[in-house]
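Number of protein chains: 4
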Amino acid sequence: MKKYRVAVLGATGTVGQRFVQLLQGHPWFEISALTTSERSAGKRYGDAVRWHIGEQVPEAVAGLTLEPTRADLDADLCFSALPVHAAEEWEAALAATGHHVFSNVKNHRMDADVPLIIAEVNPEHAQAVKVQRAGRGWSGSLVTNGNCSTIHFALAAAPLHRAFGIRRAVVTTMQALSGAGYPGVASLDAVDNVVPFIGGEEEKMEAETMKFLGGWDGARFVPAEFPFSAHCNRVSVRDGHTETVSLELGGAPSAGAVIECLRAFRGRPQELALPSAPARPIIVRDEPDRPQPILDRDAERGMASVVGRVRPDAVLGMKFVVLGHNTIRGAAGASILNAELFAAEGLV
Amino acid sequence: MKKYRVAVLGATGTVGQRFVQLLQGHPWFEISALTTSERSAGKRYGDAVRWHIGEQVPEAVAGLTLEPTRADLDADLCFSALPVHAAEEWEAALAATGHHVFSNVKNHRMDADVPLIIAEVNPEHAQAVKVQRAGRGWSGSLVTNGNCSTIHFALAAAPLHRAFGIRRAVVTTMQALSGAGYPGVASLDAVDNVVPFIGGEEEKMEAETMKFLGGWDGARFVPAEFPFSAHCNRVSVRDGHTETVSLELGGAPSAGAVIECLRAFRGRPQELALPSAPARPIIVRDEPDRPQPILDRDAERGMASVVGRVRPDAVLGMKFVVLGHNTIRGAAGASILNAELFAAEGLV
Amino acid sequence: MKKYRVAVLGATGTVGQRFVQLLQGHPWFEISALTTSERSAGKRYGDAVRWHIGEQVPEAVAGLTLEPTRADLDADLCFSALPVHAAEEWEAALAATGHHVFSNVKNHRMDADVPLIIAEVNPEHAQAVKVQRAGRGWSGSLVTNGNCSTIHFALAAAPLHRAFGIRRAVVTTMQALSGAGYPGVASLDAVDNVVPFIGGEEEKMEAETMKFLGGWDGARFVPAEFPFSAHCNRVSVRDGHTETVSLELGGAPSAGAVIECLRAFRGRPQELALPSAPARPIIVRDEPDRPQPILDRDAERGMASVVGRVRPDAVLGMKFVVLGHNTIRGAAGASILNAELFAAEGLV
Amino acid sequence: MKKYRVAVLGATGTVGQRFVQLLQGHPWFEISALTTSERSAGKRYGDAVRWHIGEQVPEAVAGLTLEPTRADLDADLCFSALPVHAAEEWEAALAATGHHVFSNVKNHRMDADVPLIIAEVNPEHAQAVKVQRAGRGWSGSLVTNGNCSTIHFALAAAPLHRAFGIRRAVVTTMQALSGAGYPGVASLDAVDNVVPFIGGEEEKMEAETMKFLGGWDGARFVPAEFPFSAHCNRVSVRDGHTETVSLELGGAPSAGAVIECLRAFRGRPQELALPSAPARPIIVRDEPDRPQPILDRDAERGMASVVGRVRPDAVLGMKFVVLGHNTIRGAAGASILNAELFAAEGLV
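Protein chains in written order, with our numbering: chain A, 1 to 348; chain B, 1 to 348; chain C, 1 to 348; chain D, 1 to 348.
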């Protein structure tokens, strides 16, 4: 099988590094280009990147020359970890010139013809790229994945919404430092502290969740509709967002029924046995004090959402904790899984 | 004015140390006894205590000899930071022999004739000690303050409950390490981690809140009644519990009205100008990213609850963040303020 | 007594904030100007500063209008916490126009006519400002204090050098995050990590120590001369540098003699009873596990160096640990004490 | 090839867990017994252990029944992570009954007939077990590995001692929390703090280093002899000890020569291609700010010592930083490598 040639856009940042790391040895994708700002273009990747997710830049890519992002990149697929302004400039331009862009960036997530996909949750949204291509006259396409906090909530919420219907939900996040990139959060804001605010995060969670849990009617996205409230906090954890969830479910199922529903959940990535698909997209733990970031963030190579403490809630009926790796399943890994889904479904 | 002679029971632990620290230079109270387990009794306090809340044991108490807790302690008032088993053995016994015991320990908080008091919130519960003395045949009394997380929630909730009526509330706590005492939380559970569970804490928050926000009808406590759900988490912060709160209020007041209500709140301690009373029991901050433990836990010498981010909530109507020092206003400082209230009201 | 009018240059940074904080209520100095970069000039200090060393900007200064640094500032004394480039532009210019500049910045520390002073260690270096004024034609003066790590080492080393002569010393620092300012060290470099490198720090420690421990012969500084090696590391501590020291002393004194020498040490600030002088510039603790940042950094309001674990060293003869607050005695507090010394000695 | 049957003694502790983890899928060794205190004996390992080094107990061992340690264990080799008292009781007893005990515990490290081995450094000490068996009348043997801080220093020092001769060395450690086991260091001692003391650690480093770097003359160990001074500190790092080293070398080699010597170093484990042997026992990094725990502790699966910042030292001639994983190469991994060495050399 011929591999797809893939570019990582914004390859030197935190999420860019995760893309590069996760693409090592990928059976379907091979890196053909790494892009960066004009300032670093022309340098060896290994020299330009301040690698901070392990011992060192993988040898296979250390010698690649960084290119400026441009519309005629030599790549079939593009994984975008661009900053907002660069994403505005290049993502659509690349899609227009035939690239299939899988983006982590927030810019186009809520666009009416841009799929916002968690591969297990709403794979049918992928069909929207046909409307997108027709409407925009693109030969390529643009697909997004969500905010890191939203993905883990929505992944855990999806089977419950499908089985019971979510009527209302209140979520409090305790988010990891890596979610803000590098240098990101100042150490003086992190050590011995909590910051009870992350700019724009609550709004993103509330909007994106409705799109994830909604449908695609062949012409447009039909968002889910239920009151949703998020409190977003930054805590002193390197990787792994922890979220407490209280929600009201139709039919008021028991905790046992909720656990069974979560554990049984499988989606298209599992059916298709996609290379990056976790065997269990949602893991439910029985211990009273799990999930914890240090223990659970790497479950299923960082591709699972880990749920625990499923129990009745005096206000909304049901509550639990969900945790997941924010730069793997919450970012780069989610994009790669989306691209695998599109490849397997013949959409790229 | 003659000072009250006070004993600190369990003086070597985290909360015991806070009692000792806060009682230095107190205008009404002077330490007459420091108690500990049999094992350490007879030692100088300065030698036996592993002082961990500052440079060193205050000189005035370093030379005191630790005594075993016993019923005939030479003290008018007793501040109890005893472990659960010792509290079971000694608190009632001391009250029976004429001591006025102000306890931090959970044992008797929910007893039908034991006041559970936040001095600004439910000072009228103090009258219950008359029933208590009559019913138990005690010459002393036993008064409790609440769990550290509950106190800060209930202090912020009290004026809202009074003004609007709380109909439902969902709270997520991010609690400090010192709340578990010393050695308490293992560092391997704290560094780069969140533990989404604290044994018994959610139950305590739910039960105690109803007693705090309820009334005393002259014969018995009449608890508040509204659905309440708590998610309790331990985060990597030394001191200061941060809590996100979503609640439904009668009349659906605006955020502005809520802020005004919180800021205007004063209670008996402020009216009586008690020595440990904060000038402002509730501080509301306007910045988008406050309160934060490192910045706000010492507000009003650790005796205030600091609220921020008051804003509409899509599910329950209103939400905010509240933060407070867990071993000062959440423990030792709360007991001392209660004792001051009782002294000023002629109840001891 | 008329107060000196003082300006804080670079008032919004970490050290600038400390200057502002420490000058509150100062008996001799009153703030007449706060300066900042052109970008923030004209704003209220309370609005422009991201205050991160406590609950909020002191009320007395929150309403002051930030000015750009300029040569005709309305101030007798200037405390400089400027960035390197701004210091280059303004410190000499201000001294030329009659201001007495007390600088925290590294630029002029090693200049041949600029005193580098720890008030207890080498107050006689102050006389160099006469040569400075004559040589440069300045009506004001420029005085520096050292790097934060150097100050605490040199303060502890000074009485030993005087009593015994230091022949060689090896030092390893474990430095606090606040030493890099704000935002400074990225949280991803701090949490669960040590960075064994701080740019330029080892060179500064080695050079400045020799100047501190050297003399002034009336015309020039005569540096101390002994081999000195520093290893500088950043650890996950907010405030307080901890340093391990191995050194060879003339006469090979016992640990007891070293302790006695350190404890007996007093300098001009103590003789003159300067307002910011610690009663004990060096505190020696007897516990096996002290000093520790969390317990000892605030000793003597952050103005002392705290020594512990004085014991024989198999290689160099003697070893110990020294710890001190890096932004108080290691920076702003040191400058203020220097200014007090100059005022008391009639040099400003 | 038939696998050796191995027991892990003290299998529920921090080092015991590492043994269990590292033995999964081992090509030569298979776990036949897991021992624990009487209290937990009889339980399933998966139920009794508080697993804290990853998501969960490996499935292959979760179902094993914990046994009390006893002299007739069904095992060829025993990996001991026993507490000191249990080690005293059982290690010699097991060796007497024919077991080959590879111990992490300090008890017997300095015994005159017990090898203390780093497989690359002093494999020839293995011959001492013949004297041991003869002298003690044992059919088995007892072999130790060193303290976690010592191992990484000694591994980096060994090629330098061999090539140039170490004449003196001063070391400061910044040790990880996991080195104290679980619960080990209290979080209130770890967060925002350094503890400049670890009981007995400096003495262990000084004594063990001499044995590691010394010889075996066929009848007895001949220790290296040079003055050595250690300062041991606990910092807020989960895993990975960082050490600053200043040393005097014979012939005063250049930094380049030192780097070359370290990089070229290979030992018996590499010659024999032992299963747990790192390809490069010592990695030297060129970046100015490496090694760092978060980036380098897992180099070579935690089996390497990572050196950086090799440069001249003004006092002793040469200095550098060395870092290594304390519970892998510094403990369980070292024992396993020692056992592989003994197996390959026909000594078990």
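Please keep in mind that the hints were generated in silico from the structure rather than gathered at the bench. Where a beta carbon is used, it is the ideal one built from N, C-alpha and C, also for glycine. Please note that a few of the clues may not be correct.
Claimed, not checked - Only part of the chain C face toward chain A is listed, based on derived beta-carbon distances under 8 Å:
id, residue
1, His52
2, Gln56
3, Pro58
4, Ser139
5, Leu177
6, Ser178
7, Tyr182
8, Pro183
9, Gly184
10, Val185
11, Leu188
12, Val191
Evaluation of the provided hints:
{"no.": "1", "hint": "His52", "result": "6 Å, holds"}
{"no.": "2", "hint": "Gln56", "result": "16 Å, violated"}
{"no.": "3", "hint": "Pro58", "result": "19 Å, violated"}
{"no.": "4", "hint": "Ser139", "result": "39 Å, violated"}
{"no.": "5", "hint": "Leu177", "result": "5 Å, holds"}
{"no.": "6", "hint": "Ser178", "result": "6 Å, holds"}
{"no.": "7", "hint": "Tyr182", "result": "6 Å, holds"}
{"no.": "8", "hint": "Pro183", "result": "4 Å, holds"}
{"no.": "9", "hint": "Gly184", "result": "6 Å, holds"}
{"no.": "10", "hint": "Val185", "result": "4 Å, holds"}
{"no.": "11", "hint": "Leu188", "result": "6 Å, holds"}
{"no.": "12", "hint": "Val191", "result": "6 Å, holds"}
Against the hints set out earlier in the document, violations occur for numbers 2, 3, 4.
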